[in-house]
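As given, the protein sequences belong to chains A and B, one line each in that order. Numbering-wise, the first sequence is residues 1 to 327 according to this note's numbering. Numbering-wise, the second sequence is residues 328 to 474 according to this note's numbering.
Be aware that a few hints might be false.
Using 27 Å as the maximum straight-line C-alpha spacing, the simulated DSS-like pairs for lysine-lysine come out as follows [stated by the list, open to error]: (1) B/Lys351 to A/Lys308; (2) B/Lys351 to A/Lys38; (3) B/Lys398 to B/Lys411; (4) B/Lys351 to B/Lys398; (5) B/Lys408 to B/Lys467; (6) B/Lys406 to B/Lys351; (7) B/Lys410 to B/Lys398; (8) B/Lys442 to B/Lys417; (9) A/Lys308 to B/Lys408.
If you want the footprint, here are the derived chain A segments under chain B, 3+ residues with CB under 8 Å [as the list claims (entries may be wrong)]: (10) 159 to 168; (11) 281 to 292.
Source of the hints: derived by calculation from the structure; they are not laboratory data. Only a predicted model underlies this, so the values are computations on that prediction, with no experimental measurement involved. C-beta: ideal position from N, C-alpha, C; glycine also.
So the chains spell out like this:
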Amino acid sequence: METISILPPELIRMVIAVIIIISFLFLNAIMMGYAERKIAGHVQRRPGPMEVGSHGILQMIVDGVKLVGKELLIPFNVDRTLFRVAPLLSFTPVILPLLVIPFSEKLQARDLNLGLIFIVTMGSVNVMALLVGGWGSNNKYSMFGAMRAVAQSIAYEIPILLSLLAVVLMCNTFSLKEIVAAQQNIWFVFLQPVAFLIYVVAGLAETNRNPFDLPEAESELTAGFHTEYSGMGFSLFFIGEYTNMFIVASVATVLFLGGWHGPHLPYGEYLGVVWFFLKVYLLLFLMIMVRWTYPRVRFDQLLNFAWKYLVPFSLVNLLITAVLVKL
Amino acid sequence: MKQYFSELYTGGKSLVEGLGVTMKALFSPIVTVQYPREEIDITPNYRGHIDLILDTGKNTYLCISCGMCEKSCPSDCIKVKGKKMEGEKKKSLVLFDLDFTKCSLCGTCVEVCPKDALEYSQEYNLAAFTKEAFHFDILKRLEERRI
Chain A
1 METISILPPE LIRMVIAVII IISFLFLNAI MMGYAERKIA GHVQRRPGPM
51 EVGSHGILQM IVDGVKLVGK ELLIPFNVDR TLFRVAPLLS FTPVILPLLV
101 IPFSEKLQAR DLNLGLIFIV TMGSVNVMAL LVGGWGSNNK YSMFGAMRAV
151 AQSIAYEIPI LLSLLAVVLM CNTFSLKEIV AAQQNIWFVF LQPVAFLIYV
201 VAGLAETNRN PFDLPEAESE LTAGFHTEYS GMGFSLFFIG EYTNMFIVAS
251 VATVLFLGGW HGPHLPYGEY LGVVWFFLKV YLLLFLMIMV RWTYPRVRFD
301 QLLNFAWKYL VPFSLVNLLI TAVLVKL
Chain B
328 MKQYFSELYT GGKSLVEGLG VTMKALFSPI VTVQYPREEI DITPNYRGHI
378 DLILDTGKNT YLCISCGMCE KSCPSDCIKV KGKKMEGEKK KSLVLFDLDF
428 TKCSLCGTCV EVCPKDALEY SQEYNLAAFT KEAFHFDILK RLEERRI
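Isolated chain B, as found in the complex (with noise of 0.2 Å):
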């Protein structure tokens, strides 16, 4: 018989605080962000597909066509080519490929790169309708940076 009371007690005495607890939720600011008006910043350590690494002081790539991101890429989806122009010593970059509807964002070609010319990029609102709008130009995306 006393525990049948003392149940009713610590069962009701529960039941109001779980109601506060949700009392003071409501009136409590919202911690959600309202996604396509509101962006928060993302972390520096997002890893996003590849991009060319502009060096600012000869606004330029870094990149030596070695060829050594296309050779060690597992899925095969990065394409370089360098071409030697005339009157230069080094080669420049032709074209800088990356067919990201394979790439597994494995981040081996940053790693394996001898002059550290590769960066992970920051963009995460990837979507389109075609297949073709992920084969990234980085060459381009290189050249839309430069000053």
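Only chain A is shown next, with the shape it has when bound in the complex (with noise of 0.2 Å):
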């Protein structure tokens, strides 16, 4: 106890949250691969990883191994510094928005004032990693892909914003817990559909997912921006992916879907965090669906779509909301 008090309270309570945040983010990547290529089969009419494990469930963990296992290539003449660099800086950022999502009302690592800039800002690093990881492999395929991440993220960061703008004028206020805490009543889904849709499909676009998985397009660009990376460099882009689709999940729980808000649970302060994640895992489920329904848009439909549909509506959305704020 002696030397526990020494310590400061908050100081242990990060450590802590940090230490579970980073465990959750591999079992969150670890399910959504397991998820991710067990829909894919179904979706397929086949049944998917079958071998290892009942039904294939330890798949994923056994996939791991193997690229833990496996020898970091670095190619010929890359840019060495930026080349290791790039998957630590797609890994990294991910992990501190974590941080100030309320899970439920008491389990937040941190109440941020500006939580949602924060988590926005952090959003758009990873697309820094695409570039730096493009740009250092010295492959053409990279470079491309590098290059339409950029352009895409542009155009997608817009009606991004511009539809969490609607939800923050309504409830004044950047700090997460304080979103959630106003949808006690309603959710801000039925009072926002317009800014909801807008960014369920500026996320996809966000996430580099499909539809808009331009940046590693298969059929074109062989693997897009991590065509050279193997082993762990390759892993930590894809716990980045996965962590990145739930972080945009999560944003769309706590600003449209209310947040822990639900049935009534004992202990409702800490357990809300069980209809969080049903919302979350939801929505991935639907971001999955999505992926194995649609084929890749093109890269001008990508824009047109964005700079079209997206933009103009999330205004005139923003601006109806400003209205009625006022009002």
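Two independent chains are provided; combine them into the complex using the hints.
Below you can see the structure in the form of structure tokens.
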């Protein structure tokens, strides 16, 4: 007890939170990878992974072990520093947004009063990682992937910000905890359905998921920005992508689907996390289904859709919201 | 302007319909066969390597060791040898070998056989580590099927 009491309690809290979050991040990547492959299989009327463990449940762990065991190949003539930094740059910033997401009323590492801005900022660092990785690889496919990632992110950050801003105008705060608390009576998805739709579509593009997975378009660019990566370099990109999906889904849950609110549970201030995860994984399920349903859009189609539909709609939506709030 | 909104409507509708299709497929039964664990019956028209037909009445082969199959084989992969045993009128087979590494499954041997003594086997699990594993002793295969 003596040693614990001399440490600042806030520090201990943060360390515990970060440890839980990082371990959760790996667990999430494993679960999502398994779900993705299983759902992909069943959509195509085949069983998916079946060999390792009952119904292939250990498949992702075995794959992880394989990836850890692989050699980190560094191709000839690459920018060694950038090449090594890129996977870390993709993996590290995705941990930080999880610190400000309120999983339930009391399960939140830190309630920043600028939480939403913090998440959006950290989300855009991921694009930087793709650019660095693609540029550093000294490979035309990687380069194309990186360029596409940047053009795509410029097009899609704007509708994301505008749709989130509509919610912020309604509750007059950037703190995620207060936004969830404001949805006690009615979820914002019912008040802001357009903003929700725009956010989900733009969120798919933000996470480079199909049908907007142009930076890694397998059929055109081999593997896009991570063509040259093997072993853990590749898996860090992979974990980063799945965590990004989780963050996009959690932000949608926090801002539109009422976060931890749901039918009453005992110890509601902690067990609200059940409702939170239920909503998040429903959204992630939708994202996986979207991936296995739609073909990839062409690049001009993607930009047309962003600039001709998403941006005007989110602007009009924001304007209407602002007028209604003022009235 | 009208086209702008109609495109949005038809596009959105088709996207939702597409999701419906995959959602239906997600909950439909699986159609693939889990091969090593499940096997499906292969069609009787399947043309594997040749086999001697077992005449169930006489409990032996129909082959008269004429060597037509050996002569007609374009890949030279059949070897037939017959020998007249003591006290027998016809030749009996002493050797019927097939070198399956060279066989092109053309079926000329089956067609040319005057006694219709050859058939296609139904075997398709053919994998081995050595070349010699594909030198089939067709006569021995027949002996094994004998009752």
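Quick rundown of the hints versus the structure:
1. B/Lys351 to A/Lys308: violated (32 Å)
2. B/Lys351 to A/Lys38: Holds - the C-alpha atoms of A/Lys38 and B/Lys351 are around 15 Å apart, at most 27 Å.
3. B/Lys398 to B/Lys411: At roughly 20 Å apart (the allowed maximum being 27 Å), B/Lys411 and B/Lys398 satisfy the hint.
4. B/Lys351 to B/Lys398: violated (58 Å)
5. B/Lys408 to B/Lys467: Holds. B/Lys408 to B/Lys467 sits at ~14 Å (cutoff 27 Å).
6. B/Lys406 to B/Lys351: violated (57 Å)
7. B/Lys410 to B/Lys398: holds (18 Å)
8. B/Lys442 to B/Lys417: Roughly 14 Å between the alpha carbons, so the hint for B/Lys442 and B/Lys417 holds.
9. A/Lys308 to B/Lys408: violated (82 Å)
10. 159 to 168: violated (count 0)
11. 281 to 292: holds (count 3)
Hint compliance for this structure: hints 1, 4, 6, 9 and 10 are not met, and every other hint is.
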